[in-house]
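Novice: Listed below, chain by chain, are the residues.
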Amino acid sequence: MIDEVPFLGIAYACFLIATAAYAIYLAKGDREIGRAGTWTSLVGAIILIAGLAVRMVRARHWVPVGIYELSLTLTLFIVALYLLLEHLAKTSGERRRTARGAGAFVMSLVLLVHTYAILVLSPAAKLPEPLAPALRSPWFGLHVLGAVIAYGFFAVACGSGLLYLCADVTLAREGEGIFPPLEVIDGLNYRAVAYGFPWLTVGLAAGSWWAWRAWGSYWHWSSGEVWVLIPWLIYAASLHLRKSSRWSARHLALFSILGFVVVLLTFLGGNVLTGQPNVISSLPVY
Amino acid sequence: MLNEVTPAKIARERDVLDALWRLFSSTQLAAMVLLAVALASALGALFPQAPSQTTRDSALYAQWLASVQGRYDNWFGFLDTLGLFDVYGSWWFRVLLAFLAFGLIISTAERVSSLWSSIHQVRVKRGDDSFADESRQTGFSVDQPVEQLVERLKAILTRRLCRTLVEWEEGMVYLYADRLWVEGGALLGHIGLIIVLWGTVVTGHLGWQEDAVTLSPGQSYEIGHGLNAVLRFEKLELDTYPDGSLKDYRTHVQIIEDGTAVEQIIGVNRPLTYRGVSLHQVSHGMVVAVKASDQDGQPLLLQSFADGADTAAVVSLPFWGHQSERHFAVPNKELVFQLVFYQSLSDHGYDGPVFLVQAYRGSAIEPIYSRFIEKSSSLKVGGATYHLALDQYSVLRIVREPAIAVVILGLLLTLVGHFLWLYWSPIRFWAVVSEEGDGTTVKLAGTVELDEVSFASWFGDLTQKIEGKEDD
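Residue numbers (the numbering used here), protein chains in the order written: chain A, 1 to 286; chain B, 1 to 472.
These are calculated hints, taken from the structure and not from any lab test. Here a beta-carbon is modelled for each residue, glycine too, at the ideal position from N, C-alpha and C. Heads up, none of these hints are tricks.
Short derived list, chain B residues pointing at chain A, Cβ under 7 Å:
| # | residue |
| --- | --- |
| 1 | Gln-28 |
| 2 | Ser-41 |
| 3 | Val-453 |
Ranges between beta-carbon positions, derived for each pair:
| # | chain 1 | residue 1 | chain 2 | residue 2 | range |
| --- | --- | --- | --- | --- | --- |
| 4 | B | Trp-116 | A | Leu-84 | 32 to 42 Å |
| 5 | B | Val-201 | A | Ala-13 | 46 to 56 Å |
| 6 | B | Gly-139 | A | Pro-181 | 19 to 29 Å |
| 7 | A | Pro-181 | B | Lys-125 | 28 to 38 Å |
Extracted from the complex, chain A is given alone in its bound form:
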């Protein structure tokens, strides 16, 4: 049977090229190179969709489970949502330049997650597993979908946060630099957090309802539940702080970076930190 590995390899190469193209665009401002970054990301995303489809056919289920499938799905959603936000920005002007500038950072995060999935994870972690009884629920699917969409948006927020800090430092040192205006970067950061947050609420709410139907408890402070709640609390705090004049855009950029670091720890490394299984497999019984 056909294997997903070649698809993932080609997608990886596309994301590598896209990262380089966005970085050159940020440094030189060459529109053609920026456009090349966008198209290469899109091609990479389409190839990744094909790879995931092959994987799901092999695994005989359509809901991603296990750290390998979840990491690949997260990669896909980061790229797709980043491209969506880039498309929603005006076809020209600062918003487009900002979105493409953030692309260098966002695609670096994509590479990080994709590298983890295809190169770091052990072969045993990549073996397709049939869907366990408790996971055969549409509510589980909605829980995963909500969380992955939210994390995709938060990755874009993290990328724009990194861009903001670079722009801020450059501005302080050299005056006007190659970076887009700070307020435009901050706008992208806000939009990514604001669009992602309701989806994390979807993930939490669907997860609670699923847990209720499966185990008769919608919340019992398991490590899996808590690792999803923590990013929700951090981003809720960040949205509240936007209303406070005492917190600058630089602080909020730092918040977006911190929030996504927590997301990555939650998503990829909850088991590394605690010695306990990752989010999904830490749920009580399958």
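On the provided structure of chain A, position chain B as indicated by the hints.
Specialist: Only chain B this time, still in chain A's reference frame:
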């Protein structure tokens, strides 16, 4: 007079209350409390947490603490004093949650009040000289009659989900538009969370749960809690994938009440609801049922090693997984049996579930009998006959959650509120339209609380449309 109520004292008390109100309704404090809860929750996820059944029993809790003590050496006492092994049950975590809930209620009340005044105290008529205070402003002339332009402006703004108010005065038209319903989304989100918290409190006081009701073939369980119903295990059905791994399972039970038995099925993700109580399929496993008789065919009394188990003619020994061990004793014969369960034991030629039975006399180390059994078998040991049968047991969770509908309602409101609040911006917009010569002069201004960049683009598009540079 010590307790004299003076105007100064009243004013002072009012100042204190106002200060407290401002403190609890401040977004900054809300953010700090949210971060504190996040930090505390992270501590709870990083340190091992005592299982809930151990926290209700001091002996069990001490036993559990002893099992984790070795990991933390000298720090153990300090960490235990801070409550880090039972974060979510600790007093300081509850105080944090109470603080969060209180702040949520106060800030919701504050939002209701400010939204009410924002919606009802609108200044439609506003001179364009004050437009400089707003974040965006522009002015231009168009070749269109005033009435027609105002109607077009209203239509454009309505399509953009704004409410519009218009006042006419001496050849001047003042138009105001806003999208303050977005603030209603934030309010809805907060109200939803309050409802969820309220539902949780109600459940804490009025709900109950039986965590791990383990039923073996032929066993019954009295539900209790005022329900005169008995649950009788009929059978467990398993579905498997082609590779043999488990796909789904369900328990067939009879619910017997007032002499009437009703057959019901409880499946994974398909709980059974019976008179306000829900029964959930939590897990399942293998169990060995044992009965014995002596040479004369008289039943022998057996005793399992489970806590508080009495002697009985039949004992059920559930296994919790591969290689788990169970024991039972035969007091009259001074025999102890050890049973070890294996999911499969290919080395010995068993591809499916199998268990090893070993019998020991008194305190001897060497077994006097040893044998693998796949499904069921009768053994003769020490002059008695033992019948052992391997079967499936089912683990159910029985819950009464009186406020589950309230919690769902709260979650739905929170969801709707979050999407409304964060996918649109609360815009305010003013226009002054007047006749000038053959054309019409238009002055526009607008402001938004967050996302100034998107608003600039929104305002720019609107201006282009009004000027006629873009289609409506």
